[in-house]
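Undergrad: With the sequences and hints as input, model every part of the structure.
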Amino acid sequence: MLAAKAIDGKLSRWRSFVPIKYFASLPAFERPISAHEDLTSGANALMGSFSDTFCGRNDAMEAENFKNQGVNGFNSLVKYRNDENIRRPSPWNGQKAVASSYCFPNRVHDMLYMPLRNFSSQSSATSFSDVKTKFLGSIPKFVKIVEVGPRDGLQNEKAIVPTAVKVDLIKMLVSSGLSVIEATSFVSPKWVPQLADAKDVLEAIQCVQGAKFPVLTPNLKGFAAAVAAGAKEVAIFAAASESFSRSNINCSIKDSLYRYREVAHAARNSSIPVRGYISCVVGCPVEGAVSPSQVVYVAKALLDMGCTEISLGDTIGVGTPGTVVPMLEAVLEVVPVEKLAVHFHDTYGQALSNILISLQMGIRTVDSAVSGLGGCPYAKGASGNVATEDVVYMLNGLGVKTNVDLEKVILAGDFICKHLGRSPGSKVAKALSRIPENASKL
Amino acid sequence: MSSLEEPISLDRLPSLSNIDHHRFSSSACRPRGEDLGMGHRWIEGRSCSTSNSCEEDFEEYNRENFMWWKQRRCTSRRGISNGRTLSLGRNQVPNGNISDSLYLPDDQYNSCNYKCTMDMPNKLLRDLPKYVKIVEVGPRDGLQNEKNIVPTSIKVELIRKLVSSGLAVIEATSFVSPKWVPQLSDAKEVMEAVKNLEGTRLPVLTPNLKGFEAAIAAGAKEIAVFASASESFSKSNINCSIEESLTRYRAVTHAAQKLSIPVRGYVSCVIGCPVEGAVPPSKVAYVAKELYDMGCFEISLGDTIGVGTLGTVLPMLEAVMVVVPVEKLAVHFHDTYGQSLPNILVSLQMGISTVDSSVSGLGGCPYAKGASGNVATEDVVYMLNGLGIKTNVDLGKLLLAGEFINKHLGRQSGSKTAIAFSRKTADASKI
Chain H
0 MLAAKAIDGK LSRWRSFVPI KYFASLPAFE RPISAHEDLT SGANALMGSF SDTFCGRNDA
60 MEAENFKNQG VNGFNSLVKY RNDENIRRPS PWNGQKAVAS SYCFPNRVHD MLYMPLRNFS
120 SQSSATSFSD VKTKFLGSIP KFVKIVEVGP RDGLQNEKAI VPTAVKVDLI KMLVSSGLSV
180 IEATSFVSPK WVPQLADAKD VLEAIQCVQG AKFPVLTPNL KGFAAAVAAG AKEVAIFAAA
240 SESFSRSNIN CSIKDSLYRY REVAHAARNS SIPVRGYISC VVGCPVEGAV SPSQVVYVAK
300 ALLDMGCTEI SLGDTIGVGT PGTVVPMLEA VLEVVPVEKL AVHFHDTYGQ ALSNILISLQ
360 MGIRTVDSAV SGLGGCPYAK GASGNVATED VVYMLNGLGV KTNVDLEKVI LAGDFICKHL
420 GRSPGSKVAK ALSRIPENAS KL
Chain B
0 MSSLEEPISL DRLPSLSNID HHRFSSSACR PRGEDLGMGH RWIEGRSCST SNSCEEDFEE
60 YNRENFMWWK QRRCTSRRGI SNGRTLSLGR NQVPNGNISD SLYLPDDQYN SCNYKCTMDM
120 PNKLLRDLPK YVKIVEVGPR DGLQNEKNIV PTSIKVELIR KLVSSGLAVI EATSFVSPKW
180 VPQLSDAKEV MEAVKNLEGT RLPVLTPNLK GFEAAIAAGA KEIAVFASAS ESFSKSNINC
240 SIEESLTRYR AVTHAAQKLS IPVRGYVSCV IGCPVEGAVP PSKVAYVAKE LYDMGCFEIS
300 LGDTIGVGTL GTVLPMLEAV MVVVPVEKLA VHFHDTYGQS LPNILVSLQM GISTVDSSVS
360 GLGGCPYAKG ASGNVATEDV VYMLNGLGIK TNVDLGKLLL AGEFINKHLG RQSGSKTAIA
420 FSRKTADASK I
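Line by line, the protein sequences give chains H and B. Residue 0 is where the first sequence starts when you use numbering that gives the first Met the number 0, and the numbers rise one by one after that. Residue 0 is where the second sequence starts when you use numbering that gives the first Met the number 0, and the numbers rise one by one after that.
Simulated from the structure, these hints should not be mistaken for lab results. Computed from a predicted model, the values in this text were never measured in an experiment. For glycine and all other residues, C-beta sits at the position ideal for the given N, C-alpha and C. Do not take every clue at face value.
Unchecked claim - DSSO-like cross-link-like pairs, simulated, lysine-lysine; straight-line CA separation at most 30 Å:
hint : chain 1 : residue 1 : chain 2 : residue 2
1    : B       : 327       : H       : 133
2    : B       : 327       : H       : 131
3    : H       : 131       : B       : 122
4    : B       : 122       : H       : 143
5    : B       : 257       : B       : 194
6    : B       : 209       : B       : 187
7    : H       : 133       : H       : 338
8    : H       : 417       : H       : 211
9    : B       : 122       : H       : 299
10   : H       : 299       : H       : 338
11   : B       : 187       : B       : 406
12   : B       : 187       : B       : 257
13   : B       : 406       : H       : 157
14   : B       : 406       : H       : 417
15   : B       : 187       : B       : 234
16   : B       : 220       : B       : 288
17   : H       : 170       : H       : 338
18   : B       : 129       : B       : 220
19   : B       : 132       : H       : 131
20   : H       : 131       : B       : 129
21   : H       : 131       : B       : 288
22   : B       : 122       : H       : 133
23   : H       : 189       : H       : 231
24   : H       : 143       : H       : 133
25   : H       : 231       : H       : 220
26   : H       : 133       : B       : 288
27   : B       : 257       : H       : 133
28   : H       : 400       : B       : 122
29   : H       : 131       : B       : 389
30   : H       : 140       : B       : 122
31   : H       : 417       : H       : 157
32   : B       : 129       : H       : 133
33   : H       : 157       : H       : 189
34   : B       : 122       : H       : 338
35   : B       : 146       : H       : 417
36   : B       : 132       : H       : 133
Stated by the list, open to error - If we take Cβ atoms under 7 Å as the criterion, some of the chain H residues that face chain B in the derived model are:
hint : residue
37   : 307
38   : 346
39   : 352
TA: Right, here's the structure in full:
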């Protein structure tokens, strides 16, 4: 076993995670920290620095970092760890840790796994440079995450979640830095009783700053109700599959687009941006495989009617890069990449790899749901939305800026999961959690 | 519910003696069932019935109306059409293989049905390997973390089921001291029971010469050794330094070479270590090279605590590929943070063509209680099928193997693919 003292010196440079059983006297990475710290400014400082360093804007530091591939290259992080802005209580700065349910690793833990985006290697073979360019070249520097938990996630819950809980969830998500949070949906309470309080939710968050709150509006009536409640952004929902369109919203694709044109027109008159969703972009529970051309048709229609962004949804989660790539290729011919978002479901565990391939194709907006809220109605017990925490973890590792504080998202997920009486749907949250796995016992 | 969807019980499985090793056809369109539980209607975006001219009264719809299942055409991009009817019963076998068609009734859920890379001009997928070898580590790496001792007969049956699914390599057990890994104290019995199974290689872990000798005596034909890229982890895990472990393994590989026994080398903590934190790629390359030079035919790079992402996996692979040819490399990602599939994808893009995984994601993470560990073989196969990459693994049979072991362990599958295909409730404690 390594002596505690020897470890101490090393760890003071960067906090590493130390299993309690080995080093009882040392603060383990698992030592809880306060949930109420303001890490945002520190986080932003760190993220900014990393971005500068690791996106090739700081050549001198880069050269120094890359001499010793890996850990030594992260020494530049050390000065940020000592930044006073980071007011995390830790034994290193004499502050007492406050118990919480979560054991957050040192932020540096996340940062340790950030990439060297323009790294060079000693060998510097041309083939490696080509490989890096090929696989990293198009990955955006910043990715916007559209959080759909409060709407897409909660709407599938059987037990009605109180308005106050929904509002608190949204506020916690806002505080994590998420800039777009789909708040609710103005559909008939007959069909989606969970969101019957749409008006109350929207009115309660009117004063919340720092994020946009689009709401679903399936028709003019819903749109009018949304605007009356203070909505500043709306979303509409078409399908790439005819059968799914009929089963889901009870009309053909063409008829739905006609309906949405009315909504888009009204929205334009009110200067309200409209986001367009397309469901079943890879597969449909009724028709099976959906051809890219079907998706293109709907995407173009939504774009033409004025949607500012088109979110492509793999509704049943069957997509893999083998089907996602041709679909994106086709859609990219008619919709500019900056207007596209991907909305993958993790029903078959494929969401993150699909997101990765989408990023490699230049997509820069990703939909996800805190704690993977929202199961799949087509496969009972299966998961649905991809978990925001897992997405943020991956993006952090890619060195992609999100402005999202992972720890705060985890806390928000913890909050809602506690209310729902279940364990988190996010693997990152589970890995960092101290909550017993079977949360139904809580 | 369609009979096609119900998992078949064990007594309906074909016996081993006449197993049809027919591989899951990437071009097969599976017939769909009558009812996929479409009683749930997708509730997103449902419109207000009174306000839209195209609306029909929802009350007119009921479950009986949701019989969308007609004779279906497969509309994959290759234009394969499938005239099969939905009435395929248990005795009708589309591809000569009962079990997988029963477990995977629905073509659209089947990633195999989709476009394969052969037609894929996109640079991101163009150079992916055409075939990926999956090394199944469930019986060893998976089970060794289980607290409750799994009976030998269950282990053997699991291995048999995995063999029948077409997996090329299945790590059967480990010849370590029962004091450290009581779960695998029946290594000898397991090995003797499976050594004559055909069609699959069955390597075993041998941490030292003593273990090696016991493995050979029990009939092992392939072995594996396990080093760490992190000094601290080496000391805490196998109680010696990296150099000491390599010396030990040189003795093992030397003995193995004499008997023409192939040796696989594992490197653990290739991205991060629970003790030290980030692990430098150069360290990983060093250990990988040592293992390769001592005669290991394959080096499996393990992200033991699952912290890796593309940003750290890429430099690590890059460093190792300088000293070990890519065709000798395998990747062994843990899914503790949900990152293993994208990491595998990136590894494939880098030219790796061997992937370790564990049926049903067996094997949690000892460093994060309750968190997952190994990536689930089913999820990997699903992705590879979707990429049009050959694996020779029958996903349906693999799902059955996973179901078998989960039933015994009394828990839900760790594979999302398996859960999606399964109709069991989420709370496995009710099973």
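Undergrad: Between residue 129(B) and residue 220(B), does the CA-CA distance stay at or below 30 Å?
TA: holds, 27 Å
Undergrad: Using 7 Å as the Cβ threshold, decide whether residue 346(H) counts as touching chain B.
TA: holds, 5 Å
Undergrad: Quick check on the hint: residue 352(H) CB to chain B CB, less than 7 Å?
TA: holds, 4 Å
Undergrad: Next pair to validate is residue 143(H) with residue 133(H); report whether the Cα-Cα distance is within 30 Å.
TA: Within the cut-off at roughly 22 Å; holds.
Undergrad: Is residue 157(H) within 30 Å of residue 189(H), Cα to Cα?
TA: Holds, because 13 Å separates the two Cα atoms, which is no more than 30 Å.
Undergrad: Check the hint pairing residue 122(B) with residue 299(H) against an upper bound of 30 Å on the C-alpha distance.
TA: Between residue 122(B) and residue 299(H) the Cα gap is close to 25 Å, so the pair holds against 30 Å.
Undergrad: Is residue 400(H) within 30 Å of residue 122(B), Cα to Cα?
TA: Given that 30 Å is the threshold and the Cα spacing comes to 25 Å, the pair holds.
Undergrad: What's the verdict on residue 131(H) and residue 129(B), does the C-alpha distance respect the 30 Å limit or exceed it?
TA: This hinted pair holds, its Cα atoms lying about 21 Å apart.
Undergrad: Does the alpha-carbon distance linking residue 140(H) and residue 122(B) stay inside the 30 Å limit?
TA: Distance ~21 Å between residue 140(H) and residue 122(B) Cα, so the pair holds.
Undergrad: When you check the alpha-carbon spacing of residue 146(B) and residue 417(H), does it fall within 30 Å?
TA: Holds: residue 146(B) and residue 417(H) sit about 28 Å apart, inside 30 Å.
Undergrad: CA of residue 133(H) to CA of residue 288(B), is that 30 Å or under?
TA: Status holds; Cα separation ~27 Å.
Undergrad: Take the C-alpha atoms of residue 170(H) and residue 338(H), compute the straight-line distance between them, and say whether it is at most 30 Å.
TA: holds, 27 Å
In summary, the numbered hints that this structure violates are 27 and 37.
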